[in-house]
Amino acid sequence: MKGCTSNQFLGILLLLLFSNSCASDLDFDQVNNFKTEPVVVANLASFDIQASQFIVNGVEQNVIFDAPTIQLFNDSFFKRRLKKVELFFELENTINRAYSLNLFFLDINNQPVHVLNLAIPSYSGAENKTTKTDIFENVQLDLLKRTTKIAFIMTISPGKPLTKDSVGSLKLRSSVTAYLVVE
Amino acid sequence: MRKSLLISIVILTINCYSQNKQILYNFTKVPQSLLTNPGSDFKYDWYFGVPLLSGISANIGSTGFSAYDLFANNGVNFNIKLRNVVFSTTRKDHLAMNQQVEIFNGGFKIVKQENNIYVSFGMYQEFDALYYMPKDLAILALDGNRDYLGKIFNLGDLNVKTDLLAVYHIGFHKNITKKLIFGARAKIYSSIFNATSTDNSGYIYTFPSNTGVYDQQIKSQLQLNTSGFKEYFDENSTPNVTKDIIKRALLGGNLGLGFDAGFTYYPKKNIQITASILDIGFIRHAKDVESYSLKGLYNYRGIIPKFSSGDSVDNLYKDFQEAIPLDTLNSKYTTWRPAKFNSSIQFSFDEERPEECDCLNSNRETIFKNAVGAQLFVMTTPRTPLIALTTYYRRKVFKSLDFKATYTIDSYSFNNLGLGLSTNFGPVNFYVLADNLLEYRDISKANNLSFQLGLNIIFKNDKK
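Protein chains in written order, with our numbering: chain V, 2 to 184; chain W, 34 to 497.
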């Protein structure tokens, strides 16, 4: 150590430290390859109509109807990244009458872009469910994206008339599974 | 390209934290050690730091992952690396940064008959950032919710804070008794920019249900407070960043107060005990504040046709906005500085014999060539405190060269070796401190890196 001044010592140490340091090759541009494909599930629509609700002013209604607005497919973030959609429907009937449910997916001009039908027989004591899954890709998906309203048209099939005291209900559960690509 | 630029800037800015200055602490050859313990046993007639060059420190620490894990150019798809990082980390993992530059720094001695009072003062700029891994939100963004039915995603995982501020300080230390040195420092903080989102809570869940297909609920208690950014968000204003920073640094920002205190105690000549608390203080953000909140509860059931009007309006998006509105507020808020606690115990040996006999000076300081010791560091964070344990060896190599070697265990690593060197040529003091030396073998794989260097002029009359 004789003759080695403190600044030489310091210099050598610093040199050793930095000459031995290195960095692996990093590529920050990789972030441009970012891509993720989340799958989001959500309720689409549901109802639970009691048998007695089909009676208005003591008279059975053959057809009941509603056309609520739906904005799910209008959101631009969602719309641009949507690659595939599955719509799941389950109808359960515990009323002693058969029903037919028609769903009309309407665009802004009230023109149907997609139609779906679910028919369910009358209740006979056993479990009475019917399910359907519609898959939308490519052209079908583009049509779905134009949907602004869904018209629910419930038609009751001929049979023994319902009264205020009729039991049972008609239940719909439905969901949407959205396959997104975010990049 | 913009994405890559943004991320690169974030990573580069992050060249620097953890706020533990284990090498500097009690390294009393360096005046800046007074900033880690105002009661340091550092004696001088007067000193000043070379403006802008007296103390430059940068520190970065990340638990759970390194830059290499994400950006290694190793042929592995970036998205796979990103998933590995997200799924191998926890909500406790974080990225922490701290950078300081001393603008000016100095000190002088007030001669008293009994015990001299040592005054030190200065101003430094500090950047602080702490980002916790928003684990649940990252999973939700990467995978969606389909494969996580029954999982409650915690919105409280979002926890970030960033601060840019100037600190003005003045402190003193003196020997209360021959064995005890006490010091304290008052601080004025002038905040330049602040963004804080640390008191978040809430959840998102999707459960299977009998009524609908799913039972889906969002409870959100999210808030982001900002100060200093407002005019930059306003499209009509033409802010001048440099002018704003200078103005706010010169006490024109949001102001706060704080203090440090510490002591050094020698129960025996060769045993030293020290402790300090730093940055017990707050900043009141009253100017240029803007806060954003998303607070509320929303139960998403989907469309429910009523079959009554025939044209029911189910405006779900509007319902959501009403249930959890995005509010912009201009209310004042207070942030607390991250408080730090340091303590050490040191055993010294190998007493240095003076070459010339100085028999008349009975107060001559005993100088030991070697010392070993242990230090404890604790810092408050929005979640659990950060704790670090350090053992060290300190040696006076030559008259003008001292070094301190440290080994530290903390949440960032178990193999943190550090080295500090301080040289004194005449009145010129130069020091360089660096830790995690083993990580320099490949800095891109480092979880924690810090360095500090500086230049001071110290005048010290040893005879007195």
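FYI, nobody ran anything at the bench for these hints, they're computed from the structure. Careful, some of the hints might be misleading.
Under the rule of at most 27 Å between Cα atoms (straight-line distance), these lysine-lysine pairs were calculated in the BS3-like manner [unchecked claim]:
(1) V:Lys85 x W:Lys184
(2) V:Lys36 x W:Lys478
(3) W:Lys351 x V:Lys146
(4) V:Lys161 x W:Lys184
(5) V:Lys133 x W:Lys478
(6) V:Lys36 x W:Lys429
Not everything, but these chain W residues come out facing chain V in the computed CB check (under 7 Å) [said to hold, decoys possible]:
(7) Gly108
(8) Val118
(9) Phe120
(10) Gly245
(11) Phe340
(12) Phe374
Nothing here was measured: the structure is a model prediction, and the numbers come from that model. Beta carbons: idealized from backbone N, C-alpha and C, even for Gly.
Hints not upheld, ascending by number: Violated hints: 4, 5, 6, 7, 8, 9 and 12; rest satisfied.
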